[in-house]
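Asks: Below, each chain spelled out in residue letters.
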Amino acid sequence: MDNSICQVYEDEIQSLEEEIKLLAEKYEDSQQESTFFSDELLMSTKSFQREFQGGSKGHESPSDLKAQLENLETDLSFLMKFTGIQFTSHSKKTVEQTRNRTVRKHRLSGNCHSLSFQLEFQLLEMQKKENVSAVITDLSIIMESGEDSDVSKFVSSTEEHRNLLTFFRSLSSYAEWYEHRRCTFLHFK
Amino acid sequence: GVFAHLEMLEARAHEAAVKQEETERQEEKLAGLKARVQELRRQRDELRAKVDLQQKGQLGQEGVVSDPAQPSARAVLERKIKSLKAMLQVFYLTGISGKLTKRGVCFCISTAYEGIYLDSYYLDLLTKSEVQIHRHSIPIFIPLEQIAKKYLQTDIRRFLSVLSDHLNAYVGRRYQADQLQERFSDQIEGILQRNSLCNLLVFNYDVSSKSKTFPFNARLLYGDLCCSLPTQATVSCAPDAPASLAEMAAAHSDLFRRVALHKAFGSFSSAEESVD
Numbered sequence: 001m002d003n004s005i006c007q008v009y010e011d012e013i014q015s016l017e018e019e020i021k022l023l024a025e026k027y028e029d030s031q032q033e034s035t036f037f038s039d040e041l042l043m044s045t046k047s048f049q050r051e052f053q054g055g056s057k058g059h060e061s062p063s064d065l066k067a068q069l070e071n072l073e074t075d076l077s078f079l080m081k082f083t084g085i086q087f088t089s090h091s092k093k094t095v096e097q098t099r100n101r102t103v104r105k106h107r108l109s110g111n112c113h114s115l116s117f118q119l120e121f122q123l124l125e126m127q128k129k130e131n132v133s134a135v136i137t138d139l140s141i142i143m144e145s146g147e148d149s150d151v152s153k154f155v156s157s158t159e160e161h162r163n164l165l166t167f168f169r170s171l172s173s174y175a176e177w178y179e180h181r182r183c184t185f186l187h188f189k
Numbered sequence: 190g191v192f193a194h195l196e197m198l199e200a201r202a203h204e205a206a207v208k209q210e211e212t213e214r215q216e217e218k219l220a221g222l223k224a225r226v227q228e229l230r231r232q233r234d235e236l237r238a239k240v241d242l243q244q245k246g247q248l249g250q251e252g253v254v255s256d257p258a259q260p261s262a263r264a265v266l267e268r269k270i271k272s273l274k275a276m277l278q279v280f281y282l283t284g285i286s287g288k289l290t291k292r293g294v295c296f297c298i299s300t301a302y303e304g305i306y307l308d309s310y311y312l313d314l315l316t317k318s319e320v321q322i323h324r325h326s327i328p329i330f331i332p333l334e335q336i337a338k339k340y341l342q343t344d345i346r347r348f349l350s351v352l353s354d355h356l357n358a359y360v361g362r363r364y365q366a367d368q369l370q371e372r373f374s375d376q377i378e379g380i381l382q383r384n385s386l387c388n389l390l391v392f393n394y395d396v397s398s399k400s401k402t403f404p405f406n407a408r409l410l411y412g413d414l415c416c417s418l419p420t421q422a423t424v425s426c427a428p429d430a431p432a433s434l435a436e437m438a439a440a441h442s443d444l445f446r447r448v449a450l451h452k453a454f455g456s457f458s459s460a461e462e463s464v465d
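As given, the protein sequences belong to chains E and A, one line each in that order.
Our numbering numbers the first residue of the first sequence as 1 and each following residue consecutively.
Our numbering numbers the first residue of the second sequence as 190 and each following residue consecutively.
Incorrect hints may have been included.
With a cut-off of at most 25 Å between alpha-carbon atoms, the simulated SDA-like pairs for lysine to any residue come out as follows [unchecked claim]: (1) E:K26 to A:E267; (2) A:K317 to E:T74; (3) A:K271 to E:Y9; (4) A:K269 to E:S63; (5) E:K21 to A:A264; (6) A:K218 to E:E18; (7) E:K128 to A:A193; (8) E:K93 to A:V279; (9) E:K81 to A:L273; (10) A:K239 to A:K269; (11) A:K339 to E:H180; (12) E:K128 to A:D443; (13) E:K81 to A:V279; (14) A:K339 to E:F82; (15) E:K93 to E:I20; (16) E:K105 to A:K239; (17) A:K401 to A:D443; (18) E:K66 to A:L273; (19) E:K105 to A:K218; (20) E:K92 to E:R181; (21) E:K128 to A:D308; (22) A:K269 to E:F185; (23) A:K291 to A:S272; (24) E:K21 to A:D241; (25) E:K21 to A:K401; (26) E:K81 to A:K223; (27) A:K271 to E:F87; (28) A:K223 to E:K105; (29) E:K26 to A:K401; (30) E:K21 to E:K81; (31) A:K291 to A:E303; (32) E:K21 to A:K317; (33) A:K317 to A:I327; (34) E:K129 to A:K239; (35) E:K26 to A:K339.
Some, not all, of what chain E presents toward chain A, calculated at C-beta under 10 Å [what the hints assert, rightly or not]: (36) A24; (37) K26; (38) K66; (39) M80; (40) V95.
Worth flagging that the hints you see were computed from the coordinates, not collected in a lab.
Glycine is no exception: its CB is placed at the ideal position from the N, C-alpha and C atoms.
Pulled out of the complex, with its shape left as it was, chain A reads as follows (with noise of 0.2 Å):
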């Protein structure tokens, strides 16, 4: 009896201690939470504060509100360095940008098709005695080697630029391929079978003509590899299809080649809607 009467007092004492540390704990986050909140609210008062000064134009370059006729040197080192950065960050919407690096150069070739920025490609180089290749992150299917084989010890220019058309080419064509199955995929029929470079496309889809749907197949071989559009596009209905949709093959053909894949097929469902 005791001895139970005892062991239920200690679990008692227990819980409660436990539910003491508990609301202690709870204490110290609510006013670790509180102290955050009010630094996080000076600082944006003080922000605030700057801001207002900036529009009515009482702010000098530095923004130093305490002593705007001293920004301090590190201030000034600092909005230099990021304005550089800048700088930088704009050689790179051009295409090419890079790095000096102890032993030569590292560059960064960027890609976009139509303004949209897509993978960027590293080249280190090293430029010591003769020009070197020493890491890249250039996909195997581009003919890297090659290039550099014709350009790189006598124009490097040259070089960069033969390997930029054919990363931004790709990237056209790649990023053209995947707006088709993303955008298009009920008109495609099963799979759009592509190969790394995506130089060559074969697929199946639908065309609608008077409410009635017939499958096309095409296929489009991009010959040259510093372009997007294809060099050979073939158009195929079924053998036993009316004639007018013969016609509409070869009018498809023709338009694969002018116009980006996935433009191409988004003027086939306007056409569709005006005619039905």
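Only chain E is shown next, with the shape it has when bound in the complex (with noise of 0.2 Å):
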């Protein structure tokens, strides 16, 4: 008899936790800037482990905050600054949310070197065991020197393979061509 209680509130325990948690994934996600996907994506290798986590979560003191933000804000602009690339704008919705599958709507623009970028695509999240993988389902482009036809290629190319990584890592390497080729005509000019 008691046993069959103590299911009840069990199960009610589970289904309030889900619950919470999609409400507050909802609440985040209509903050303008919130978290793109979980930690354990980044924790996917455990020997790195600690060093990619920015810090545990809880209860830290506001100076460990604040030391945590300063760390973070120098990461960031680091990489800017090595990969040429700067994001203006980002922001997500969630399309679709069960227990184990995620499914999250991107817009991100932004610019490597001077060529300007807007993107927007469809992020599928599933959680496997100890992992959880990442899929872009929808990928679309607009490239800002998109009359040029060997990018508009390069980008439908890029778009019908939702090869979001190949796009950043050749439009890094583009980039850097184009503004060493810019950077020569100005110095003959």
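Since each chain comes alone in its own frame, lean on the hints to assemble the complex.
Replies: Dropping the structure here:
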């Protein structure tokens, strides 16, 4: 008799926890900048876990938080300088969320050296045992220099294969080369 | 008689005590669960209210219902930290991210194949005097030393770019081979032979033509380590096979060089369906 009551409570606890998780997600979504995807994705290589976790979760003092913020800002500004990729805006919307699956639509804009881009993509994340897998299920890219036929060919092929990573890697190389060429021309003017 | 009786009474009392303990424990557990349920319900209702207000646009950025005019300094910090972490995670999707360390930089090279994110690799660099690789998780069959010798000192960006190309091509090749084994195992005869670098694949597969199956052998060599398509594809059938099959083998060889392996096999199945 008692066991069944326990079970009823435990079931309710589980469903409440799920509901809370969903509501919290929904709330976070509507805030302007929100967490992208779970930290577990970055934790998938165990030996470098600590290196990449931006501090422990929980209650740190304001001075700890400030230090953490400064570290993150330094890291981010280093990455932007190093890769030449600057993001100017980023928003996301949860399209589907179940226990193990989350689908979010992202809007990202920025530039790489002097080339601007605008992206919209759909990211599917699935919880699998210890890892979180990430898959781009839809991708659309708008490039400022879209009139260039080479660029538009590259863009449509990238979109077709949903190669977000290839897009950025190629963009980075292309933008650097483009920048060199531009500087060279200016030099000769 | 008396002692036996006493023993029996003791035993009964003990039983009763154990039962009592058990009941108390159960009740405690129930009370605990009940309290948790109530707490969760409270949290859930609070969140619901927050989300409702948010939908109606009445919450400020920090979403503190009690005092909308004054988000705590702590909440502001936490929000900023969250958004920066999100930005860092976007960099993960671009293929190169990282974190500054006391003595240099720790880069993370992520890989993906056709939108599916696969393994990520770490490279811990020391940048005090000359650039040195302190630690890394690059597989041993990737020519890291060669690439480092060529680019690490003169052009770190190029070094990472070339390394990223190698790693992405490798995971792409591996993914195709894995997909072939997983999804087309019924067409593969025996084992799919491959090396660690996944740039040499040898396998036997069945081709059906006019309700008969013929064994084909394929040997794929990926000569360009930065490419996930083979540079050489040798497809052969039995020497006594009809001429039409030799033609098919040539067509397959061409296909393997142009199209991802698992996609090529996918097209065989659909082609057969339409023919039969």
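Asks: Hint by hint, note whether the structure agrees.
Replies: Hint check:
no., hint, result
1, E:K26 to A:E267, "holds, 18 Å"
2, A:K317 to E:T74, "holds, 18 Å"
3, A:K271 to E:Y9, "violated, 34 Å"
4, A:K269 to E:S63, "holds, 14 Å"
5, E:K21 to A:A264, "holds, 19 Å"
6, A:K218 to E:E18, "holds, 22 Å"
7, E:K128 to A:A193, "violated, 62 Å"
8, E:K93 to A:V279, "holds, 15 Å"
9, E:K81 to A:L273, "holds, 16 Å"
10, A:K239 to A:K269, "holds, 20 Å"
11, A:K339 to E:H180, "holds, 21 Å"
12, E:K128 to A:D443, "violated, 37 Å"
13, E:K81 to A:V279, "holds, 15 Å"
14, A:K339 to E:F82, "holds, 19 Å"
15, E:K93 to E:I20, "holds, 18 Å"
16, E:K105 to A:K239, "holds, 23 Å"
17, A:K401 to A:D443, "holds, 23 Å"
18, E:K66 to A:L273, "holds, 13 Å"
19, E:K105 to A:K218, "violated, 43 Å"
20, E:K92 to E:R181, "violated, 36 Å"
21, E:K128 to A:D308, "holds, 14 Å"
22, A:K269 to E:F185, "violated, 41 Å"
23, A:K291 to A:S272, "holds, 24 Å"
24, E:K21 to A:D241, "holds, 16 Å"
25, E:K21 to A:K401, "violated, 56 Å"
26, E:K81 to A:K223, "violated, 54 Å"
27, A:K271 to E:F87, "holds, 16 Å"
28, A:K223 to E:K105, "violated, 38 Å"
29, E:K26 to A:K401, "violated, 56 Å"
30, E:K21 to E:K81, "violated, 36 Å"
31, A:K291 to A:E303, "violated, 36 Å"
32, E:K21 to A:K317, "violated, 45 Å"
33, A:K317 to A:I327, "holds, 22 Å"
34, E:K129 to A:K239, "violated, 32 Å"
35, E:K26 to A:K339, "violated, 49 Å"
36, A24, "holds, 6 Å"
37, K26, "holds, 5 Å"
38, K66, "holds, 7 Å"
39, M80, "holds, 9 Å"
40, V95, "violated, 16 Å"
Hint violations for this structure: numbers 3, 7, 12, 19, 20, 22, 25, 26, 28, 29, 30, 31, 32, 34, 35, 40, all remaining hints satisfied.
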